[in-house]
Structures are given as structure tokens and as C-alpha cells.
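Undergrad: So the protein lines, in turn, are chains A and B. Counted the way the numbering used here counts, the first sequence spans residues 1 to 434. Counted the way the numbering used here counts, the second sequence spans residues 1001 to 1215.
Possibly wrong hints are sitting among the right ones.
These stretches of chain B come out as covered by chain A in the derived footprint (C-beta under 8 angstroms, 3 or more residues) [to be verified]:
{"id": "1", "segment": "1031 to 1038"}
{"id": "2", "segment": "1130 to 1137"}
{"id": "3", "segment": "1191 to 1205"}
{"id": "4", "segment": "1209 to 1215"}
Please keep in mind that the hints were generated in silico from the structure rather than gathered at the bench. Source: prediction; values computed, not measured. Note that beta-carbon positions come from the ideal geometry of N, C-alpha and C, so glycine has one too.
Take a look at the letters that make up each chain.
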Amino acid sequence: MVKDPGLDETIKKLTPQQIEKTINQVLKGEGARMKAYLTTCVHCGLCSEACHTFLSRDRDPNFSPVGKVKNTLWEMVKRKGKVDAEFIKNAARIVYTECGVCRRCSMYCPFGIDIAYMLLVVRRMLNLLNVVPAYLQDTTNSHAATMNQMWVQQDEWIDTLQWQEEEAQMEMAKARIPLDKEGAEVMYSVIAPEPKILAQLLSYMSQIMTVAGVDWTMPATDGWDNSNMAMYSGDFETMARVERLHYDTALRLKVKKIVMGECGHAFRGGAYDGPKWLSWRFPPVPLIHAIEWYYELLTTGRIKIIKKFKEPVTVQDPCNTVRGKGLHHQLRYIMNEMCEDFRDVDPRFEHNYCCMAGGGTINCGPPWTKSRAVSNRVKAEQLKATGAKYVVTPCHNCHSGIEQIISFYKLGMHTKFIADILIESIEKPQHLLA
Amino acid sequence: MFEFVSGPLVWLAFIVFAGGCAYRLGWMFVTARKDRVVYPYMSLKYGLRSLLHWIVPFASVNMRKHPVMTVVTFLFHICLIATPVLLTAHVVMLREAIGLSWWTLPPLAADIMTIMVLIGGVFFIARRIRLPEVRNVTDYSDYLLIAVVLAPFATGFIAHHQFFAYKTMVILHIVTGVLWLIAIPFTRLAHMLYFVFTRMYMGSEFGFVRNARDW
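The following block holds chain B by itself, in its conformation from the complex (with noise of 0.2 angstroms):
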């Protein structure tokens, strides 16, 4: 069982992962071309500028207006690409798969990490139980969204320190991660793929051919 989710299955997902990516962005490249404004439009002097001013924390007006928020969602993201990316159990296993690694975290700075992604999963549900605006658009399917993003944190750490179950909890870790992995270019986490041009074309358009600001 191990062996079966540790190894086929995980390159499994990371083949449905980026297939999955490449047919999202492809798609939308080339269905962009039928749009009479976004190739047109597109500048990447004004979408960049728009964009670095929603990547960088509290550059943009409604940044500043819901400073909590904006915390949480930045320690939130980097955390989730983050920790998974340079956690050296993650890493050694790559080495002894295909020999490549790279400097990895200390086990506290992962652990404390990891529970800030737990935290922001937790806070954005609070979020959308407790403010009105959130709650009227939130369904089943946003919970959902959460909890796949969350699960394989939850059961990492449960493995990693050896709370209870090891083996149940690492083939769950495993089992989630790859569920995590593969939901991205298929739901709306594929806001991950789409926010950079999505915002680079709403810069463009105010940049380019509005002369304004979008931030």
C-alpha cells in the first residue's frame, strides 16, 4: 500500500498536475485569441505594474482596508507553496527518486509554518461563516475547496510528530496530497493559474487603453 501511493500514484498526480495546468493555460491562450480585446489590449508594461501592486502586501487600497485579511492571505499562500516545496522529507524523497534537491527549511520553521496554513484554512472559514457578504455566495463546494487544500497539512503534521496511527496518517497524508495536487487545473483553485493574467489583463486595460490606476 506504501509503496503503491508513494510511487505510482504520486507521479500519477504530479502527470495529472501538470497535464491538467498545460490544458487550462493552452486552453485559454488560444481561446483568448477569439476575444476582440485581450490580445489587443494586453500590455505587459501596465500588467505587470498591476500586478506587483497585488503581489506585494498592502499595495492596493482594499489591501489596507482589511489589513487582518490581507496577513492572513499572504502568510497563508506562501506557506502552502512553500512548506511543501522545500520540507526535507519532501526533498529527500525526490533526491533518492530522481537525485535533484535543494535547501530545505528547518523542521521548526516547517512546523510553524505548516500550522499558519492550518490557522489561515480555519480563519477563512470563520470569514465566511461570520461576514454576511462572504456567507450569502459561499456553497458546499468552497468548505470542500478548504478542506482538500488543508487535509494534507493536517495529516503531514499528524504524521510527522508521530501523534498516532503513523502509517494510516502518512498513506492519508499521501492520499490528500495527491487529491490536493490534482484538484488544482480542475477547480477553482485554478485561480492559481489564472490570477496573473487575469489581473495583468485588468491592468492592461486600465493602464493601456484607460490611463488609469487599478489598485
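So that you can see chain A by itself, here it is in the shape it has in the complex (with noise of 0.2 angstroms):
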């Protein structure tokens, strides 16, 4: 079994009681939907061929949908929280490492049963007994102490956006990076890796708003960053405190709307979990993703395509803006509008193949990079059918994720945002560039 110090060192520390105390308290806790799932499974198996793991590790049924519940969920249930150390370590291994969230078995239930959601349920038993794995309690360590997933300190931010400023004042004179703008259109938030280590993102998106004239801004105080892998750990509190901060800092600069960069967990968190924890049924200000966000930049014509992108491309749904919004259709105008060679995925739209990066399990760190892509095979053969050599994945989860398997496989591709195609590709008026 793969060593994680956040699994092996803290199991060490549990005791018998704090173990059946806190799965019986989380359970207590949870209530109709819990139940009514747990009466309701028939264990049928149908749920299986919805898991990519399941497929990938050629059909080994402690890795379908079911299996994992059962190794899991139903144990605590029949033995009343009286499990051991060693089966909350493995608990840990399936919910933490083997399970992306992306509800693709939802769809393939017939009863429409939230597997992925029960399985939160464990992580958060897990979260509260402190067995989470080091690299995503690392994150989530990040998130509480800095609020954003990557320890960038305020000045680093400032700095980071007055750099990328000038790198896009290179391309293009007049771009810009108007910081804490108060009443402007539009909100432009990212996830601390752009700052960190994807920088050139933001100078894309100063060109970009630049080109289509948006009155934009970015905070320039905490509150920027709203990725969330609190929300994975378990650690809801940390979670909410994320989203709450994200949605004041809006508010405070009394934008009429939120863009985010190209993350999915960040659009679930702000879209659905955060809310729906904080009691809200919907955003206190409209949040969009940068799907639709390029969408209606291009439909409206305030960016235009002039020269398409040449080599052959496919695409990534990611599970929380396909399956958690819809926005495959718009994804496809826009990949058809900036490509040449454009060959789709199949299966696609909101039956594709999660990433196995997604909901936690990249955030979980190299000791499993090996055992993630051992359980996407189907994503590698996936792509390699398309016969593409770059692959968009408008998602920093699927981008990190895929780029692995597609060096585990040899498969001889690359991943790329959509804004690294679209800088390429829009038209900059001459009047801009001087």
C-alpha cells in the first residue's frame, strides 16, 4: 500500500471510542437523503459501469460505485462505528484516493442514488478523526490559514497581478489588471495556482477583456482564490469560510458579476456546496464559469477568431461544469469556433469519463499519482481513439490529472486551456497594441 504520513502517522493517534463516537455523530446528523439510500439500494451493481476505476482495473468490483460504499459506508452502518484503525485508514485510501466526486454513477443508478455524495459523508467522518492524506490537509491547512490553496501571501498577489500586467503590456500597450475597482462589471477570480504557477494565465485574461473592452477588476485583498479543497477534505467549516470571504469580497467591490478562471471544484464549490452550506439556495452574485463567460464574449462578437488553431484537438467534459452545469453545448461552439481539426470525445457531454483528478484525489499528491492513473486506462484510451494531440481541458484539476496519464500511457499528447488557444487565436485591434 502506497505510505502517506496524513493516513499512517494519524491512524496511530485514534482510539476505539473517538472512532464510533464521531461516525455515529456524522451519521446522526445526516437525514432523509441518508436513509432513504441506504433503504433504497437494492445492490444491484448496475451503478458499475458508470466508474472509470471500475473500468480501468479491468472490472475488479471493490472499485465500482457500490464496492466502495460497501467497504465503507455500509461497515460503519451494520457495526454501529465500531471499526478499526486500519479500516479508517483504508476507508481513507478508497473515499480520499480511488473516488473523484464526479457523479457520473448518479446517472447510471436507476434510483438515482448520490453515491458520491455518501462518500463525502465518510470524508467528512475522516476529516473530523484527522485521517485526511498530508498533501490535501496541506491544502486545506492553506486555505485556513491564508485563504487561498497555495500559501501566497497579499503582497505576492499584488505583485503577481502587477507583473502579469506588464507582461501583457508587452503584447498589447493598453492591456490592464484594474485591481479592487469598485462597481465594475465584472469580477475576474482565480485559484492560487495561477499566481503560482500558471502565471501567464492572467496576463492571457488582461488581453482578453482588454480586446472585448469589459469594465473588470480583481480584488486586491484576500478573498480572490475561490478554489476549495476544504471542500474535499471534509473540512466544511474551512469550506465556508472560503466561499463566505469569495462572496463578500464581490460585494464589498459591488460587481454585478463573478468570471472565474478555468476550474471545475471552484465552480462546484461557489456554485453549489458553498451555498448550499452557508443555507443560500443560489449565489448572493451571479457566478459564471470561463465557459460561458468565452461564450458570450464570442456570440457576442466582442472577441473575434481570426486564425484557428491548426492541429488536432479534443476536448475534456469536466464533471462539475458539464455534469454540475450543463455547459457542454457551449464548450463545443466554442472549440469548433477556435479549431480547425476539432474531434470529440466519445463518450461525451455528461457521460464522459471523469478525470480521476478531480474532487480531491491530484490534491492527494505524487504518492499516488501511480495508483490514479492505473485507475483511468479509459481516460488514455479515450483520448488516444480521438487521434488528437492536444487535449482542452477548461479545468486546473482535469489539466494537471490528464497531463499525467497522458505521460503514464505514452500517449504523446498535451493538455491546454482554452485561453492558451484563444490568446493565439482572437484578433487584437492595432489601436490596442501601440
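Build the complex from these two chains, which are given one at a time in their own frames, with help from the hints.
TA: Quick look at the structure:
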């Protein structure tokens, strides 16, 4: 088994009483849905077909969605919380590293049982027991301490934005990144990997906003990162602090809407899990994903494609923006607009396979990389069948995860964000360049 | 003995069945109020849209992936409910007891439908044994539930055709039928009650909140 101090060391501190109490306390808090799901499931196994880990591992029954529930939640319920530390460790391996909570299985269960929700409830228990993969816990700690997932300090943040503004100005003299501008039409928010390791994306957005003539801003204070790994570690208190600050920041800046970068789980946190925990039916400020934003800019003619991308390219439908928001048609529109040789995947749309990086799985870090790649052979086969050279992944987790799968299975492809292609394809008017 | 099982016992079974179902559903409606998402996100339109896709054969991707299972499941469930409700002998007894009656199945159709239920049950058992992903999540209770469901059909069929021990078979038929009825609200057979709501909730969350399809 993979070594991970977040599991191996933490289970040594557990007492049987603590395990029993925590499990029962969480179960007690879960009401009608959990009880109805546990009673309704007839153990038919029809959800198996949905799961990329089951399909990739030669139909190993322990990797089917219901198999994962059996090896975690069912046992906990059956034994009324009286499980040992080794059981807890194995449960953590299953729920954190073998399930991306992509919810594909809910579409295959005849009864519509939300299996991902059930595994998230197990994550909640494990979080309360402090048994969380070390890398994922570090990310959650970063959220709790700095309100972003990569320990970016406020001065570093502002410094990076100004640096990327200058980068943008090298290409387009009129480009700006307006900081903390009250009353702007759009607040643009990104996740911490952008300033930390993919800073060029900020410069791209600056140029795109400039071409489109958008009245936009980015916050100069904390509250700019709406990614949320606490949502996936089971630390819902920290998740809620991050989401609340994000919307508080948008309200302080009095913006009309929030546009967020190409990230799926951040979208999920902002659109669904965060509001749910905070007892908001829908977000207090409209939140749209980059796919919707680019679609809007293209269809209204605010940006124009003048040079299509020539290489064969395919696409990844991220769970949180496709199964989570139905943006697959808008994504296809963008792909066809900017690419000459777009090759679609099969299965696609809501039925696309999970990237096996989202749901916090990639944040479990390097110890689990190989296991994750083995668990997603079907993704490699699906991508290979398109014959494309590039994969557009409008989600940070999909982006990194699929790059790893490509390298593990030696597919000779590369991942790109929409912005990577868009910035090369759009018309940049002369008066902005000078 | 026969008078007791075909009279008071059956009435008791109907009362427990109806009361149990009302209790389980009432519990769900009340408890779901405490859930942050169930009522706020429940949508009649998207709920029914999803339900429709899952009660029409082959209307969902997963049903098309498992054609044999789909055909057997639909036939099994239709026959399971229609046969006892539309059986001549049952309707006659009901008319004598309370004066209500309705259209009944021709005897041959009732026989064929009963056999379908039995074949379906055997298919489900075979599937549980044969497919690793199903065997893995199967325990004795799954077989027991199938046995509870099949028993009244098997005994009813034998009694009707008077193959042997007619009187014993009739009594066994009524007793197993009673067990089946009262098991519905208190075991996983409750999927008969909950399926509609779990499906409609998932359909609502997908359609109303996520703008996506769930079939």
C-alpha cells in the first residue's frame, strides 16, 4: 500500500471510542437523504458501469461505486461505528484516492442514489478524525491560514498581478489588470495555482478583457481564490469561510457578476457546495465559469477568431461544469470556433469519463500519482481514440491530471486551457497594441 | 385455519402494509425538511422529466448498456404488481368481502405473468451469483428478499393448478403473501416507495440546479 503520513501516522492516535463517537455523530446529522439511499439501494451493481476506476482496473468489484460504499459506509453503519483504525485507513484510501466524486454513478443508478454524496459523508467523518492524505490536508491548512490553496501571501498576490499586467502590456500596450475597482461589471477570480505556477494565464485574461472592452477588476485583498480543497477534505467549516469571503469580496466591490477561471471544483464550491453549507439557495452574486464567459464574448462578437488552431485537438468535459452545469454545448461551440480540426470524444457530454484528478484526488499528491493513473486507463484509451495531439481541459484538475495520464500511458499529447488557444486565435486590434 | 388466514390475517397484513408505507413516507417528508437541499431544490418539472426517462424501457444510457437486464426488470416489475391486483380469484374474494371489483386477467395470461415473475427472480439470483460486481455487494438478505417476493407466486401457481397438497398450498400462499406485503415498508423492498422520490430529487438537482441530464 502507498505510504502517506496523513493516513499512516494519524491512525496511530485514534481511539476506538473516538472513532465510534465520530462516525455516529456524523451519521446522526445526516437525515432523510442518507436513510432513503441506504434503504433504497437493492445492491444491483448497475452503477459499476459508470466508474472509470472499475472499468480501468479490469472490472475489479471493489472499485465499483457500490463496492466503495460497501467497504466504507455500509460497514460503519452495520457495526454502529465500531470499526478499527486499519479500517479507517482503508476507508480513507478508498474515499480520497479512488473516487473523484464526479457523480457519473448517479446517472447510472436506476434510483438516482447520490453515491458521491455518501462517500463525501465518509470524508467528513475522516476529516473529523484527522485522517486525511497529507498533501490534501496541507492544501486545506493553506485555505484556513491564507484563504487560498497555495500559501500565496497578499503582497505576493498583488506583485504577481502587476508583473502579469506588465507581461500583458508587452503584447498589448493598453492591457490592464484593474485592482479593487468598485462598481466594475465583472470580478475575475482565479485559483491559487494561477499566480503560483501558471501566471501567464493572468496575462492572457488581461489581454482578452482588454480586447473585449470589459469593465473588470480583480480583488487586491484575500477573497480572490475561490478554489476549495477543504470542500473535498471534509473540512466544511473552512470551505464555508473561503466561499463566504469570496462572495463578501464581490459584494464589497459591488460587481455585477463574478467570472471565474478555468477551474471545475472552484465552480462547484462557489455554485453549489458553498451556498448549500451557508444555507443560500443560490449564490448572492451571479457566478459564471470561463466557458460561459468565452461563449458570451464570442457569440456577442466582443472577441473575434481570426486564426484557427490547426493541430488536431480534442476536449475534456469536466464533471463540475458539464454534469455540474450543462456547459458542454457552449464548450463545443468554443472548440469549433477556435479549432480547425476538433475531434470529439466518446463518451461525451454528461457521460464523459472523470479525469481522476478532481474531487481532491490529485491534491492527495505524488504518493498517489501512479495509482490514479492506473485507475484511469479508460481515459487514456478514450483520448487516444480521437487521434488528437492536444486536449483542451477547461479545468485545472483535469489539466494536471490528464497531463499525468498522457505521460503515464505515453500518448504523446499535451493539455491546453481554452485561454492558451484563444490568445493565439483572436483578433487584437491595432489601436490596443500601440 | 383457512378462515383465519384468509380473513383477519389478510386484513391485518393490509393494515400493517398501509400503515407502514404511510409511516415511512411521512418520516421521509418530515425529516427531509431538515435537509438543506431537498425541498429548496425539488422541482416538479425536472423531477418528472428524470422519472419519465427511468420508467420507460431503454430511455437511459445504462438501460441500453444492459438490454437483457432491462427487459427482465421491466417485465418482472410489471407482472409483479399487475398479477396479484388483476387476478380473478383475488378480485372475487374482494368483491365478496367489500363489494368492490374490477377487470381481471384471463387465466392463461395470469399463468404466463406468474411464470415471468418466477423467471425474473431466478434471473436476479443467477445474476447475483454470476457477476462479480453484484456478488461482491450481495449478502444473505438479498436472497432472502427475492425468496419473500417469489414465494407467494410459486405457492399461488401450485395451488391454482392443484398439483399437490391443495389446502396446504393455499394456506402457504396466503401466509407468504402476507409476509411479502408487510416486508415492503420495512425492508429494502421499500425502494417501491422511495424510488420515485430519490429519482425525482436527483433529476431536480441535475436539471434545476445543474442544467444537466441524468439518464
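Undergrad: For every hint, state whether the structure bears it out.
TA: Status of each hint after checking the structure:
1. 1031 to 1038: Since 7 is at least three, the answer is holds.
2. 1130 to 1137: It holds, with 7 qualifying residues against the three required.
3. 1191 to 1205: holds (count 11)
4. 1209 to 1215: holds (count 7)
Consistency with the previously given hints is maintained throughout, with no hint failing.
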